[in-house]
Amino acid sequence: MEEMKDIRQDFYVNMGPQHPSTHGVLRIVLRVEGEKVISSETVLGYAHRGVEKMAESKTYVQMMPVMDRFDYVSSMLYEWAYVGAMERALGIAPPERAEFIRVIMGELNRMASHFLWVGAFLLDLGAFTPFLWVFDARERILDMFEEVTGQRMTNNYFKVGGVHYDITSEFMKMLNDFLKMIHERMQDVEVLIESIIFLERVKDLGFITKEDVLNYGLSGPVARGSGVFIDTRKTEPYSVYDRINFEIPLGTRGDCYDRYRVRMQEILQSAKIIEQAVEMLPEGPYTEKAPKIVKLPEGEYYFAVESARGLLGVYLLSDGSTKPYRFKLRVPSFANLSIIDKLLPGNKISDVVAILGSIDIVVPEIDR
Amino acid sequence: MKASYFEKVGIGIRTVIKGMKKSLVYFFKKPVTLQYPHQKKVIADRYRGSIRLKIDPQTGKHKCIACTNCEKICPAFAITLKIETPEGSKKKELKEYYVDLGKCIYCGLCVDSCPVDAIEHSNVYEVAERSKENLILRLDTIGEKNV
Ligand code: SF4
Ligand code: SF4
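Heads up: the sequence lines are chains A and L, in that order. Sequential numbering of the first sequence, starting at 1, is according to the working numbering. Sequential numbering of the second sequence, starting at 1001, is according to the working numbering.
A portion of the hints provided could be inaccurate.
As the list claims (entries may be wrong) - The calculated lysine-lysine pairs, modelled on DSBU-like cross-linking and capped at a C-alpha distance of 35 Å, are:
no., chain 1, residue 1, chain 2, residue 2
1, L, Lys1072, A, Lys295
2, A, Lys58, A, Lys289
3, A, Lys58, L, Lys1092
4, A, Lys323, L, Lys1090
What the hints assert, rightly or not - Over 10 Å on every C-beta distance to chain A, these chain L residues come out as not near it, computed from the model:
no., residue
5, Lys1040
6, Arg1048
7, Ile1073
8, Pro1075
9, Lys1092
10, Asp1112
11, Glu1126
12, Asp1140
For the record, the hints were derived by calculation from the structure and aren't laboratory data. We treat Cβ as the ideally placed atom computed from N, Cα and C, and that holds for glycine.
When you get a sec, could you build the whole thing from the sequences and use the hints?
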């Protein structure tokens, strides 16, 4: 009997690095007793590419396309953070039109990211149809990106002083169609997934308290699901967000279901922001005259935006040359993932997927 | 009050039927999937495909002045230029212009950096080849693989 117990205690299950629902090469070592997780340990580093070091050997402009490749689902928000830091250093303010275009593009990107999340989350839980529906919606966003930026995912659209190209009338038409269809699509998806099968699996699971949010430095929908008001767009408004009227959806209990609800509502809030931005879109130039060779004055610069996953900050330390002396990212997924080892113990193995999914991580930005 | 087991089963069946109804509506909608090699998507004009040198309609030649801006800015080191300065002249001349599509990340920085607007992106996105060498395109000789 004594022996048996020992064996059971030392039973380890490796989730990842090639597990389909870790969405990337993340490894979680679960110590299990039967179906129950006793403790877990997250192992990082499988997707490490040394990008922060690489930035030191690339010029500021050359680093631009690399910014797309951290978070491939909301790449333009990354560009925004990087461009914002450079603009702050150079003292350049982009023209009004560029700011609104950035808001439109950024929010579309946030929607695309949340769509992908909803789809993948439900796929992990075993529902396939919603995945196709939201991917149809996401595909339309990508088509719009292709129309304006020339690329579907790694857009490389922002530049110091504005954006690379102006938006087109074709884009406006597509955007209008999209905004018309989005509310209906969201309702359809909700009808489909708010079945008791889904609710039973995500409700009362993976509670994150308000204290945990602050202690672990969580941000984004994960923090807002617990009812903590953290959103850079409101607390530290950048660009033209202070002129746009929108709400920050908050959860109350902090379980997986609340995090899901927050994201679903954020999609609609993003639609609301885009509608206003389109209405307020002024005529004028879409880019400011900026130096072709970017050389930041000596000093430290930081700029933070609200990415689809939370607070995203870019820190640049410049020695006055064309390359950064130090380049540092504050990525939301890394901080958000840090709580996972606290959430998992005590849950069933099948719930691990649900909890991990509700955190919404993107591994390339964690291991960078 | 917590619903009993049978109530839950009842609710489950009801919600599944509700979801099925919605699915049925989608079932009769036009499919959005394209059957790729047979059907092709309309590519946006701005689509950033493989790069090419623009041909000046007046001279029938490319406009490149061999400033090497594109070579310097390329983050993937995909562009290689061979430049010569003919004897008796100060002006540099482009001899060979190579782009390695195996390295190119289609970022558009080279097009952006060109002072005389000599390069552009084509709409070509099917660039798969059987060997790596075939991916290296020579752009200054017009014709051949330079679509
Ligand atoms: S598109 Fe980008 S990667 Fe490709 S050749 Fe031009 S600069 Fe280099
Ligand atoms: S930037 Fe333009 S002009 Fe200069 S070398 Fe490249 S293609 Fe030629």
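* **Hints that the structure is at odds with (numbers, increasing)** => 6, 7, 8 and 10
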